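Each chain, letter by letter, is given below.
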Amino acid sequence: MQELTLHGSKPTRHGFGEGLVVLGERHDNVVVLGGDITGSVMTSLFKDKFPDRFFSIGIAEQNATTIAAGLALSGKIPFFASYGAFCALRNADQLRISVCYNEANVKIGGGHAGISVGPDGATHQVLEEVAFLRTLPHMTMLVPCDYNEAKKATIAMGEMVGPAYIRFGRSPVPLFTNDNTPFEIGKAQVFREGNDIALIANGALVWESMLAADELAKKGIKARVINCPSVKPFDVETVVNAARECGAIVTAEEHQVHGALGGAVAEVTAKNAPVPIEFVGVRDSFGGSGEPEELMVKFGLTWKEIYASALVAIERRDKGSSGIRRVKDVAQYAE
Amino acid sequence: MNVEFEQKVFPNKRQSAEELAEVALHIRRDIIKSLVLAQSGHSGGPLGSSDIFATMYFGGYMRYKPEDMTWEGRDRFVLSAGHMCPVLYATLANAGCFPKAELATLRKYNTRLQGHPGRDMGLPGIETSSGSLGQGISIAVGMAMSDKLLDKNDRRVFSLTGDGELQEGSVWEAAMAASHFKLDNFCWIIDNNDCQIDGRIKEVLDVYPIDEKCRSFGFDTIVVDGHNFTELMSAFDRFLENQKNNTGKPTAIIAKTYMGHGVSFMNDNYKWHGVPPSVEQAEKALAELV
Numbered sequence: 030m031q032e033l034t035l036h037g038s039k040p041t042r043h044g045f046g047e048g049l050v051v052l053g054e055r056h057d058n059v060v061v062l063g064g065d066i067t068g069s070v071m072t073s074l075f076k077d078k079f080p081d082r083f084f085s086i087g088i089a090e091q092n093a094t095t096i097a098a099g100l101a102l103s104g105k106i107p108f109f110a111s112y113g114a115f116c117a118l119r120n121a122d123q124l125r126i127s128v129c130y131n132e133a134n135v136k137i138g139g140g141h142a143g144i145s146v147g148p149d150g151a152t153h154q155v156l157e158e159v160a161f162l163r164t165l166p167h168m169t170m171l172v173p174c175d176y177n178e179a180k181k182a183t184i185a186m187g188e189m190v191g192p193a194y195i196r197f198g199r200s201p202v203p204l205f206t207n208d209n210t211p212f213e214i215g216k217a218q219v220f221r222e223g224n225d226i227a228l229i230a231n232g233a234l235v236w237e238s239m240l241a242a243d244e245l246a247k248k249g250i251k252a253r254v255i256n257c258p259s260v261k262p263f264d265v266e267t268v269v270n271a272a273r274e275c276g277a278i279v280t281a282e283e284h285q286v287h288g289a290l291g292g293a294v295a296e297v298t299a300k301n302a303p304v305p306i307e308f309v310g311v312r313d314s315f316g317g318s319g320e321p322e323e324l325m326v327k328f329g330l331t332w333k334e335i336y337a338s339a340l341v342a343i344e345r346r347d348k349g350s351s352g353i354r355r356v357k358d359v360a361q362y363a364e
Numbered sequence: 123m124n125v126e127f128e129q130k131v132f133p134n135k136r137q138s139a140e141e142l143a144e145v146a147l148h149i150r151r152d153i154i155k156s157l158v159l160a161q162s163g164h165s166g167g168p169l170g171s172s173d174i175f176a177t178m179y180f181g182g183y184m185r186y187k188p189e190d191m192t193w194e195g196r197d198r199f200v201l202s203a204g205h206m207c208p209v210l211y212a213t214l215a216n217a218g219c220f221p222k223a224e225l226a227t228l229r230k231y232n233t234r235l236q237g238h239p240g241r242d243m244g245l246p247g248i249e250t251s252s253g254s255l256g257q258g259i260s261i262a263v264g265m266a267m268s269d270k271l272l273d274k275n276d277r278r279v280f281s282l283t284g285d286g287e288l289q290e291g292s293v294w295e296a297a298m299a300a301s302h303f304k305l306d307n308f309c310w311i312i313d314n315n316d317c318q319i320d321g322r323i324k325e326v327l328d329v330y331p332i333d334e335k336c337r338s339f340g341f342d343t344i345v346v347d348g349h350n351f352t353e354l355m356s357a358f359d360r361f362l363e364n365q366k367n368n369t370g371k372p373t374a375i376i377a378k379t380y381m382g383h384g385v386s387f388m389n390d391n392y393k394w395h396g397v398p399p400s401v402e403q404a405e406k407a408l409a410e411l412v
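Heads up: the sequence lines are chains A and B, in that order.
Under the numbering used here, think of the first position of the first sequence as 30, with each following residue one higher.
Under the numbering used here, think of the first position of the second sequence as 123, with each following residue one higher.
It should be emphasised that the hints constitute simulated quantities derived from the structure, not laboratory data.
Predicted, not measured: the structure shown is a model, and the values here were computed from it.
Idealized CB from N, CA, C, for every residue including glycine.
Errors might be hidden in some of the hints.
Unchecked claim - Here are some, though not all, of the chain B residues that point toward chain A, as calculated from beta-carbon distances under 8 Å:
(1) N134
(2) A160
(3) G218
(4) R241
(5) E295
(6) S301
(7) P331
(8) D333
(9) E334
(10) S338
(11) E405
(12) L408
What the hints assert, rightly or not - Simulated crosslink set (BS3-like; lysine-lysine; CA at most 25 Å straight-line):
(13) B:K393 x B:K406
(14) B:K335 x B:K324
(15) B:K230 x B:K366
(16) A:K76 x B:K130
(17) B:K366 x B:K406
(18) A:K348 x A:K39
(19) A:K216 x A:K247
(20) B:K366 x B:K324
(21) B:K393 x A:K78
(22) B:K135 x A:K78
(23) A:K76 x B:K304
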């Protein structure tokens, strides 16, 4: 269990940019490719410090991704960063063939994730890439919850071998983990203990889950909050244990409800420990312009939806209305 | 059909047009043999580009060690037009990178000679997976950047695209970058047979004039008869000069070829793009290739 307190807010993209500088200091073969928005995705920090190891590729994400593969096949550790809409989806085929099929040691930083991008609107608010990337063989897919975790995740992905992607956002989000909070690729962390319901989240929705847990506690419901930054590889054990011990789950993410964290949780629980699950996320729609806070409310990505979903999931579990039968219900059937 | 692969292996050195023609003949024979055994795969492009491969791999332009294709000082070739891999496999086998008998496994279960090159299978000489058009050339540009801008060595990177492949926009992104980064260690070969699977290039989508496009993208552009070894050698010589003199310009060799060249009934016929010969056709082709 972690000691987690809120200390302001900061965008996750700052963690990415600062993590890259740490990597640059530690490893001579870390290089960075820019896609013209280097200030926005914070690769400019690396560019300023290591100009000889920074290459501007222009607005050409397909080329940048494949050039990165060529650099990786030459022993370099290339990072390419842009907005997720362009460096995870526009270049999808390049990621599939040149990066993943090649098992090239390419690292992608995808910014402007989710609707919290704000005023830029739907074109720039990527809500689909996690689902795609986690289906790619050899890919590692990370969604950090705050600035500190983004920095740790960036360093970790640079120091592992193989294709990896990190998702980060534009707007400030609550900063609540600290230097001692563990981060490990492939692991989820229990941020709050409880056995009545499991709230499994990543990105900005982890803090919202903590708030939801506070509200649930007022009703005497002890929620287990699980931070799941590593969508792939996935921490099956922590999630299955939560299903078995809590009997009901809410997943929460700033992404379409289909195929991403919620999909991963549903897959592993369906196989190992089927329990009612409620999914908090964007419901099969595009984003739009507005202030981040307004949009998070409009698209149902706050603690309130997590809270309400928890009550629904608990009710489904306790009434057996989902087709899931607890032991006593099965006994009834037997009669 | 009883197919046997000859054990002959050829050296990589400065040699005469006649000697290179002999290598190309063996490459073509091995292409026909591997395709007839596979009963699947592309005939036209591999046969049409055999003279280019013979020159590039056996004319002393690429430095490599057949017994160790992971040697760090090697020059690298990236087949961007991945579907043309039968010619690359036959070339590598004729160089002695792996036993020729393995050519019989083309496209078969668990083979190292995948239908399109798969780096994961570990065939010596396959630098990268390719087959989704327009990507290999970008990978090659990344490799050339690594060599010239980061490691600052004198290694060379070659990449071959088709001409239909030029319809992929990302090819031109790669060309732009090669020029921007002054990659005079990079040689782009365009197999200009004017055929793609649906027909003539102009009918499917016109990419001409290719030479003017390459020049305007900053390449030292050389147009050659892709079946004339003297012309091919002088083009590769010019690439080596460009690199040696630090011209800062990448080289583009536009090789005018005929799809299916070397086999009379396949010559310049786009219908041979993606099909293998039948047993009768293979026998007829091998009878011509002597």
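Report task. Mind listing which of the numbered hints don't hold for this structure, in increasing order? Result -> Per hint list: 1, 2, 3, 6, 7, 8, 9, 10, 11, 12, 15, 16, 17, 18, 19, 20, 21, 22 violated.
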